[in-house]
Amino acid sequence: MAGMIEIRNVSKAFGGVQANKDISMDVPEGKITGLIGPNGSGKTTLFNSVVGYHPINEGSIRFQGREISNLRVPEIARLGMLRTFQQTRIYGKMNCVRNMLISVPHRNLGWADLFGKQYSAEDMDKAERLLEFVGLYAKRNLLAGELSFGQQKLLEFAMALMNDPKVLLLDEPTAGINPTLINGLIDRLKRANKEFGITLFVIEHNMRVIMNLAEHIYCLAHGQMLADGSPEQIRTDQRVIDAYLGAH
Amino acid sequence: MNTTSSKIILYVGILAVSIVAPYLFPAYALQLAILWIMILFALTWDAMGGQMGYNSLGNIVFFGVGMYISAVAQIGLYFDVGEYTSAYGAIKVDFDYGQYFTGLTLGVIAAAFGAMVVAVAFGRIVLGLRGPYFAIGTLGVALSAGELLGAWEWVGAGSGISMPVYPGDPDDRSLLFYFMCFAAAAATFFFYRWLYTTRFGLALNAIRDDEEKAEAMGIHTVRYKIVNWAMSAFFLGISGAIYGNMIGFIEPLEVAFPTVTFGIFMVLMALMGGKGTLWGPVVGATLFHIIKEVTWTHLLGWQWVALGMLVIIIVVYFPQGIMGWAHDKWPDFFGIEVEEAPAEDIEEAA
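Protein chains in written order, with the numbering used here: chain A, 1 to 248; chain B, 1 to 350.
Be careful, since some hints might not be right.
[As the list claims (entries may be wrong)] Computed, partial: chain B to chain A, Cβ under 10 Å: (1) L202; (2) G218; (3) G276.
[To be verified] Stretches of chain A that chain B covers, calculated by requiring three or more beta carbons in the stretch to come under 8 Å of a beta carbon on chain B: (4) 30-39; (5) 92-98; (6) 103-110.
Derived by calculation from the structure, the hints in this document are not laboratory data.
No residue lacks a Cβ here, since even glycine has one placed at the ideal position from N, Cα and C.
Build the full structure now, drawing on both the sequences and the hints.
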């Protein structure tokens, strides 16, 4: 199994706070990998380190065999590794279609494309199909900032798919979404993985969601690796239960 | 009447009025020329502040840089610049038609590209700043540019430079500069009108709405920001070259780098008209220039107070500007959808 992302002995400190300590994990290609842990356990810090948001203190992060811990955010994104944000981020003053059109893969864009047309027929077609896929087609011409929080999350997900990523890092994709919509979202994440072949790496607090979604789960606590295994192993692991119930 | 033909009528109407105006009101030719410069100011400011969300308080620096570059180029073609400026205008040079127009043409071109180079150089430094830090950083650049040129003897320091004198009739001269200003503003308008229909325009808006997201999506944000600033500088450099020649005498603080007048006006005009819209800066600049001239004429002594009141009224009651307010009031007219698409529309696409 080829490792899409290989994280080796990564440590990251903010001043005296050790947010991540000696963390190693693998995100295999074509799979859905989960990352859980109590609040403040360092999950988002790890995501930020992987996508190049801040430099790491020690260790190595490889993406398809290439060291990326010294690259910056847009460079890593252009390699095909995208992330969505815990606090959803979309372009609020642009309508949904324009949000989609500017999310085309930028890795192939040269200087000449800067001044090209806003979109090709294929881009528009793809944007509309993906908006349909997440159920926002009827709202495609509304300003993205006027959508509800849950709809913005769906739009952000569609924008990520528009970018044709190889791997998608999702930071709490179901947080703030109406429980009745969560099953639909799980289904769409699985379809993105199966049909579009996108490797997923998901931070999630909702245990039902992550158990249902992920094939392999890593659990962090206090910035360190606590446990990893299949959903069944994690569910029954006493250390994980203690960490969540505060016995740690 | 459909929108295309009404747009054509609008453009033809503006064109006709613009061509006839200086002949009908020759006494106002200079004021009308300055109006076109103001429109150019507002458009170039809006490309940064309105479309990309980088509120620059220092765009005036490119105006001044362009002015000085053109002055040096026009004089330097035929004379020693240091000798010319150290005479403080005592050397009266008669430029013939050929010399004058060669110098003017080359001066404008050099100003445009020179300002661009300066924008790229400064952009690498100040475009790393965000929000209010960018505004203050650019303000610092503009203020220090004026002070630096004020201390540089070779370009006349604080005493300035007398520009080459137009060799012909004064009426022809004012028409020439009127039409140069008009052409520069029109070129700027149509350039941005086109630019906002390209991928570049989408990227600018994305950077405005959430730069961090744009980076995370792999957009070449640094490239877009620097190129956008350089394009603003290109047009501002041209406007500076034309303005310097039109006024006839340039000096650093009042004419070339008027940070607290023109430098602030360009922000106000764009805000008043509605930032982030194509027509907003045009409407804002026109209205602002009229209000300014009326208050300067009829409320002399109180003109700055009146201007201050105007700023407060805009910020408090029309924070989105005139065009922003119109967009909210008549969204249909501007093709903005506020409702979900009707059901049959969805089936058709699915």
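We went through each hint and held it up to the structure:
no. : hint    : verdict
1   : L202    : holds (4 Å)
2   : G218    : holds (3 Å)
3   : G276    : holds (7 Å)
4   : 30-39   : violated (count 0)
5   : 92-98   : holds (count 5)
6   : 103-110 : holds (count 5)
Going through the hint list in order, the structure does not satisfy hint 4, though it satisfies all others.
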